[in-house]
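Asks: Respectively, the protein sequence lines represent chains Y and U. Quick note on this note's numbering: the first sequence kicks off at 1 and runs consecutively. Quick note on this note's numbering: the second sequence kicks off at 1 and runs consecutively.
Honestly, the hints are just simulated from the structure, not real lab data. Here a beta-carbon is modelled for each residue, glycine too, at the ideal position from N, C-alpha and C. It is possible that some hints are incorrect.
The calculated DSS-like cross-link candidates involving lysine-lysine, where the alpha carbons are at most 25 Å apart (straight line), are [unchecked claim]:
{"#": "1", "chain 1": "U", "residue 1": "Lys62", "chain 2": "Y", "residue 2": "Lys70"}
{"#": "2", "chain 1": "Y", "residue 1": "Lys26", "chain 2": "Y", "residue 2": "Lys70"}
{"#": "3", "chain 1": "U", "residue 1": "Lys27", "chain 2": "U", "residue 2": "Lys51"}
{"#": "4", "chain 1": "Y", "residue 1": "Lys69", "chain 2": "U", "residue 2": "Lys44"}
{"#": "5", "chain 1": "Y", "residue 1": "Lys69", "chain 2": "Y", "residue 2": "Lys56"}
{"#": "6", "chain 1": "Y", "residue 1": "Lys69", "chain 2": "Y", "residue 2": "Lys110"}
{"#": "7", "chain 1": "U", "residue 1": "Lys51", "chain 2": "U", "residue 2": "Lys71"}
{"#": "8", "chain 1": "U", "residue 1": "Lys51", "chain 2": "Y", "residue 2": "Lys26"}
{"#": "9", "chain 1": "U", "residue 1": "Lys62", "chain 2": "U", "residue 2": "Lys51"}
Sample of chain U residues facing chain Y (criterion: CB under 7 Å; computed from the structure) [as the list claims (entries may be wrong)]:
{"#": "10", "residue": "Glu18"}
{"#": "11", "residue": "Gly85"}
{"#": "12", "residue": "Ala88"}
{"#": "13", "residue": "Phe91"}
{"#": "14", "residue": "Gly109"}
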Amino acid sequence: SQQGEEDPQALSIQEGENATMNCSYKTSINNLQWYRQNSGRGLVHLILIRSNEREKHSGRLRVTLDTSKKSSSLLITASRAADTASYFCATDWSNTGKLIFGQGTTLQVKP
Amino acid sequence: NAGVMQNPRHLVRRRGQEARLRCSPMKGHSHVYWYRQLPEEGLKFMVYLQKENIIDESGMPKERFSAEFPKEGPSILRIQQVVRGDSAAYFCASSPVDGGHQPQHFGDGTRLSIL
């Protein structure tokens, strides 16, 4: 299977703290993407990092990519209750752009 | 609403019936992906279509499942003779770029329940 693995599976923190989620994958990739899913909703794209990039920022989000270790991390700084959601990494490895998703990390931010 | 539209949001079928799930991509997008999500799991790729063409159906079950994206109208995911194991959330995503490698825009999904 080329599906990625994420850890932790679940994370509970207090508002204001930082949250770090990790993702590992198995094959060479074109890019790696992070998505957020609120309960009962579709996925919302957060950030895309290409295979030749090592770090990317977007607002309170910071993503790193280590292709030698086939791993990525998503850091959410100064978390808010509204960040409570499931977070998925997805690898784009084919010619068609189809995504392979990890199992996700469920983040709970307590007010 | 310029987003990806899926309907119905919830669909209940009895075993043996047919389920039809519809997806209208974002305006200007001609590439559609279908994914299935089982409870507490990530999404699994099913099929990738462009207008009037199936490009990659490597994730589609060999039987009972089919997909189309006609020249006019929404993309349709069709499940014939549904079984309990088909219960899941089905998500559609669209992309403007040939071959992907761009963020995909997701609809809110259709939650299929089989009685």
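Asks: Honestly, which of those hints from before does the structure not fit?
Replies: Of the numbered hints given earlier, those the structure breaks are 1, 6, 8, 10, 11 and 12, listed in rising order.
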